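> What follows is the residue order along each chain.
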Amino acid sequence: MSGSNALARIWAVCAKDAAQEARRRIALASVLFFAATALTLVSFAIGPAGFAKEERGQLHAAMLWVLLFFSSATGLPRAFVREEETGTALALRKTAPGTLVLAGKTLFNYFLFVAIAAVTVPGLGVLLGWEVASPAAMALVLAASGYGLTVVSTFLSALVARAGQKNVLFVLVCFPLLVPLLLSSIAATVAAAAGELAGPPMRVILAYDGAATCAAYLLAAAAWEE
Amino acid sequence: MLATTLEARELSKSFSGPPLFSGLSFLAGAGLVAVAGRNGSGKTTLLKILARLLRPENGSVRVAAGDRELLGEERRRAVGWAGPDLAFYEDFTARENLRFFRRAAGLPAAEAEIDARLARVGLAAVGGRRVGAFSTGMKQRLRLAFALLMDPPVLLLDEPTAGLDDEGREILAAVVAERRAAGPLLLASNDVRDFVAPDQTIRLGR
Chain A
1 MSGSNALARI WAVCAKDAAQ EARRRIALAS VLFFAATALT LVSFAIGPAG
51 FAKEERGQLH AAMLWVLLFF SSATGLPRAF VREEETGTAL ALRKTAPGTL
101 VLAGKTLFNY FLFVAIAAVT VPGLGVLLGW EVASPAAMAL VLAASGYGLT
151 VVSTFLSALV ARAGQKNVLF VLVCFPLLVP LLLSSIAATV AAAAGELAGP
201 PMRVILAYDG AATCAAYLLA AAAWEE
Chain B
1001 MLATTLEARE LSKSFSGPPL FSGLSFLAGA GLVAVAGRNG SGKTTLLKIL
1051 ARLLRPENGS VRVAAGDREL LGEERRRAVG WAGPDLAFYE DFTARENLRF
1101 FRRAAGLPAA EAEIDARLAR VGLAAVGGRR VGAFSTGMKQ RLRLAFALLM
1151 DPPVLLLDEP TAGLDDEGRE ILAAVVAERR AAGPLLLASN DVRDFVAPDQ
1201 TIRLGR
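For the protein sequence lines, the chains are A and B, in the order given.
Letter 56 of the first sequence, counting from 1, is numbered 56 in my numbering, and no numbers are missing.
Letter 197 of the second sequence, counting from 1, is numbered 1197 in my numbering, and no numbers are missing.
The following block holds chain A by itself, in its conformation from the complex:
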């Protein structure tokens, strides 16, 4: 299998998921609704002047990643679960290896994460008066952390797709696996909001991304194929 052929197959899976989403809008609608609801409640509960300025950085960063984590947990598991529920998993397994299917679905979920972040970050800024001194550093943190979050979530979706109580199982397994990433993401977000690109948390995030990619690649066949 040539590299360009593999990329075309990954893109085919991603484009198929995007076309399905464009027709039904289930995942996008549910995650954006969740994010909007959470943002509104938080803004009313805390408000722009609810905390001293020096405390706000930590609070806003933690709030952002709580929102991103739960919004993602609402929409990303659908990647593989939907294939099992509708019975299309057999046709997909017969057509493409698990690694390529996982890569295609991860790519689509990454686009979904970008859409969530595009709503959540400006939303926090407007509703809570959060100012980001370095938008470029913030974009980098979101891109790197979002990648790790998406890879792990999509892989776990493949793992739990055939289990009972899959939604509960997904969140229960997801949480301990994502805690190291989320803690580093919060630290890197605080720094980016203050105008810096924090080295140590970014190194942890990038190392996590690398480890998650390797693990997902090596275990994709075991998780998805028979």
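Derived from the structure by calculation, the hints contain no laboratory data.
Incorrect hints may appear among the rest.
[Said to hold, decoys possible] Covered stretches of chain B, going by a simulated chain A footprint (3 or more residues, C-beta under 8 angstroms):
| id | segment |
| --- | --- |
| 1 | 1084-1094 |
| 2 | 1102-1112 |
[Claimed, not checked] In the BS3-like style, the derived pairs of lysine-lysine whose C-alpha atoms are separated by at most 30 angstroms in a straight line are:
| id | chain 1 | residue 1 | chain 2 | residue 2 |
| --- | --- | --- | --- | --- |
| 3 | B | K1013 | A | K166 |
| 4 | A | K166 | B | K1139 |
| 5 | B | K1013 | B | K1139 |
[Stated by the list, open to error] A few chain A residues that don't get close to chain B, going by computed Cβ distances all over 10 angstroms:
| id | residue |
| --- | --- |
| 6 | N5 |
| 7 | F70 |
| 8 | T74 |
| 9 | L90 |
| 10 | R162 |
| 11 | R203 |
| 12 | A223 |
A quick note: this is a predicted structure, and the numbers were derived from the prediction, not measured.
Idealized CB from N, CA, C, for every residue including glycine.
Guided by the hints, dock chain B onto chain A, whose structure is given.
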């Protein structure tokens, strides 16, 4: 072209109960292989194991072109399968479904190519219709198109006549007549009329 063979060695499978089959071995070359047996005898399970959609508890399956065993992607493409629980994306048209599966398999998916495959199973006129609006028989024809999608030398058809009208049965009979000379064609059915002069019979559940 080298002759393709499908060989099962000592296959066993059970689902929390007595084994559906145990120590099942056979070698299939070009020709029609009838997989017969009563309901629940393991016909669907056997075909899924041969298609690598299910793991056997014991034993192995070997697909070979001449003396060379086919592995990985080559093997995936060499074995076509269609069964009752094969489902399609209901929001997509039949044409979109076949196009996607061709692309996901890394094969060309030009319009003419897809249209020819739909025409082969008598679905050319409804290729632009959503699969969700298809009747049982139309879905069955689409399953046949899926099994043939990668032009596999080995074909596994599980209850392919279920829900088909007379025209659908004629299309299937033409495919079977053509493909049985090209490689192993395993056809599982409860209806003995589906087996036209089989070259080999595997009887399960005795």
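> All the hints need checking, so say for each whether the structure fits it.
Verification of the hints:
no. : hint                 : result
1   : 1084-1094            : holds (count 8)
2   : 1102-1112            : holds (count 4)
3   : B:K1013 with A:K166  : 26 angstroms, holds
4   : A:K166 with B:K1139  : 29 angstroms, holds
5   : B:K1013 with B:K1139 : 29 angstroms, holds
6   : N5                   : 5 angstroms, violated
7   : F70                  : 27 angstroms, holds
8   : T74                  : 21 angstroms, holds
9   : L90                  : 6 angstroms, violated
10  : R162                 : 12 angstroms, holds
11  : R203                 : 36 angstroms, holds
12  : A223                 : 14 angstroms, holds
When held up to the earlier numbered hints, the structure conflicts with 6 and 9 and fits the remainder.
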